[in-house]
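Undergrad: For the sequence shown, counting from 1, position 232 maps to 232 in the numbering used here; every step adds exactly one.
Be aware that one or more of the hints could be misleading.
Said to hold, decoys possible - Below 30 Å or equal to it, Euclidean Cα-Cα: the simulated BS3-like pairs (lysine-lysine) are: (1) Lys313 <-> Lys251; (2) Lys251 <-> Lys41; (3) Lys323 <-> Lys313.
As the list claims (entries may be wrong) - Cβ pair distances, simulated, as ranges: (4) Ala99 <-> Gln64: 50 to 58 Å; (5) Ala48 <-> Lys251: 34 to 42 Å; (6) Asp95 <-> Asp43: 45 to 53 Å; (7) Gln64 <-> Pro275: 43 to 51 Å; (8) Ser144 <-> Gln114: 15 to 23 Å; (9) Ser85 <-> Glu189: 32 to 40 Å; (10) Gly329 <-> Ile226: 26 to 34 Å; (11) Ser85 <-> Asp62: 31 to 39 Å; (12) Gln64 <-> Gly261: 35 to 43 Å.
Simulated from the structure, these hints should not be mistaken for lab results. Here a beta-carbon is modelled for each residue, glycine too, at the ideal position from N, C-alpha and C.
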Amino acid sequence: MWSGQMKKPLIAVLALGLVGASALYYGIGSSGVSTDNAYVKADLTLIAPQVSGQVVGVAVSDNQWVEQGDELFRLDDRDYRAALSQAQAAVALADAGLASNDSRTALQRVQIEQARAQIASAEANASLQQAELKRYRQLVTSGSVSQTQFDVQSARAVEAQTGLDNARLALKAAEQQLATLASERVQLEAQRQQAEAQHQLSAIALERTIIRAPMAGRVANRQVQIGKLVQPGMAALTLVPEAVWLEANFKETQLAQMAAGQAVEVVLDGYPDQPISGEVDSVTHATGAQFSLLPPQNATGNFVKVVQRVPVKIRLQLPAELKDRVYPGLSATVTVKP
Numbered sequence: 001m002w003s004g005q006m007k008k009p010l011i012a013v014l015a016l017g018l019v020g021a022s023a024l025y026y027g028i029g030s031s032g033v034s035t036d037n038a039y040v041k042a043d044l045t046l047i048a049p050q051v052s053g054q055v056v057g058v059a060v061s062d063n064q065w066v067e068q069g070d071e072l073f074r075l076d077d078r079d080y081r082a083a084l085s086q087a088q089a090a091v092a093l094a095d096a097g098l099a100s101n102d103s104r105t106a107l108q109r110v111q112i113e114q115a116r117a118q119i120a121s122a123e124a125n126a127s128l129q130q131a132e133l134k135r136y137r138q139l140v141t142s143g144s145v146s147q148t149q150f151d152v153q154s155a156r157a158v159e160a161q162t163g164l165d166n167a168r169l170a171l172k173a174a175e176q177q178l179a180t181l182a183s184e185r186v187q188l189e190a191q192r193q194q195a196e197a198q199h200q201l202s203a204i205a206l207e208r209t210i211i212r213a214p215m216a217g218r219v220a221n222r223q224v225q226i227g228k229l230v231q232p233g234m235a236a237l238t239l240v241p242e243a244v245w246l247e248a249n250f251k252e253t254q255l256a257q258m259a260a261g262q263a264v265e266v267v268l269d270g271y272p273d274q275p276i277s278g279e280v281d282s283v284t285h286a287t288g289a290q291f292s293l294l295p296p297q298n299a300t301g302n303f304v305k306v307v308q309r310v311p312v313k314i315r316l317q318l319p320a321e322l323k324d325r326v327y328p329g330l331s332a333t334v335t336v337k338p
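Produce the complete structure using the sequences and hints provided.
TA: Below, the structure is given as C-alpha cells:
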C-alpha cells in the first residue's frame, strides 16, 4: 500500500522531468529559445596586390589600426615607371603624327585651290584658242592666212585643250590626296587613342604599386615582408573592421516563433559576466547544410534524419567596456526572448 503511494509521485516527477528535458532539447520555454552554436562575424577584407613585384616597404605592423587610404605596403616601381615613360613617348609620337597630318592637309587644300585656279586659266586659254582656230579656219578659206598659220593655230588649240584636261586631272589627284589624308587621320587618331589608353593603364599600374587600405580596420594575418615577390591576387594581409555581428545557428524546430526585431540576450564565452543586448536582424532563407561543399542527397539510399540548423543574423549593442574587444570568431550563447 505504501509502496503504491510512493510510485505515483515518482512517476509524476519523472513525467515533469521528461517535459522539462524536451523543452530544453527543443529550446522552447517561457524564457525563449537559445543556442550555444553562435559566433561573432565581421566583413573581413582580404588585401591582395593587383600588380606583381617585389615588396620594398611595409608601412604597417601586426594588429595595427589603419584608416581608409592609409598605405599598407609598396612594390618596386622601376619597371612601371619605365613603362609609363614609354607610353608617354607613344602618345607624343601619335600627337606628332596628327600634327604632321594637319600640316599636309592644309597644304593639300592650298594645292587644290591652285589646281582650280589653273583649271580656270586653262579653260580661258582653251576657249581663246578654239575661237582663234575658228577664225583661222575662215581666213584660210578666203586665203587671208596660209595653211601653215592655220596648222600652228590648230596645234595651239589642241595644246590648250590638253592643258585643260591635265589641270582637271591634277585637281582630281589633289582631291584624292586630301581624302587619303583624311583616312590617314582616322588611323592616326585611333593610334593616338590606343597610345592614350596604354598610358592610362601604365599610370594605373604604377599607382597600384602602392597598396592602400580600402577601408578602416585592424591589420591581421599579415603575410607580406620586405623582399617578398608577390603576384596579383596573392593574399598579403587581412583587414578586420570595427563593426561586428553575431551568427547564431538555431535548430529548425526553434524557428516557429522567431522573427526580425526580437530582443536577444548574448553571453560571450570570453566575457561570461557581461551579457550583451541584441536584436534579430534576419533569418537566412536556407539551412547551413545547403551551403556546404557537398549538400546532403537524401533522395537516394537510406538516411538518418538530422535536425537542421538555420543561421540567424543578430545585431549587437556592445557596451563601452567591450568596444574593440569583441573579435570575429568568438563563441557565444544566444537566447531569443519571446
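Undergrad: Now tell me if each hint is right for this structure.
TA: Do the hints match the structure? See the list:
1. Lys313 <-> Lys251: With Cα atoms ~14 Å apart, Lys313 and Lys251 stay inside 30 Å; holds.
2. Lys251 <-> Lys41: Between Lys251 and Lys41 the Cα gap is close to 19 Å, so the pair holds against 30 Å.
3. Lys323 <-> Lys313: Holds, because 20 Å separates the two Cα atoms, which is no more than 30 Å.
4. Ala99 <-> Gln64: 50 to 58 Å: Distance hint for Ala99, Gln64 holds at roughly 52 Å.
5. Ala48 <-> Lys251: 34 to 42 Å: Distance hint for Ala48, Lys251 holds at roughly 38 Å.
6. Asp95 <-> Asp43: 45 to 53 Å: Because 46 Å falls inside the window, the suggested range holds.
7. Gln64 <-> Pro275: 43 to 51 Å: violated, 31 Å
8. Ser144 <-> Gln114: 15 to 23 Å: violated, 40 Å
9. Ser85 <-> Glu189: 32 to 40 Å: violated, 23 Å
10. Gly329 <-> Ile226: 26 to 34 Å: Given a distance of about 29 Å, which is inside 26 to 34 Å, the answer is holds.
11. Ser85 <-> Asp62: 31 to 39 Å: The hinted range 31 to 39 Å holds for Ser85 and Asp62, with Cβ atoms some 37 Å apart.
12. Gln64 <-> Gly261: 35 to 43 Å: Given a distance of about 37 Å, which is inside 35 to 43 Å, the answer is holds.
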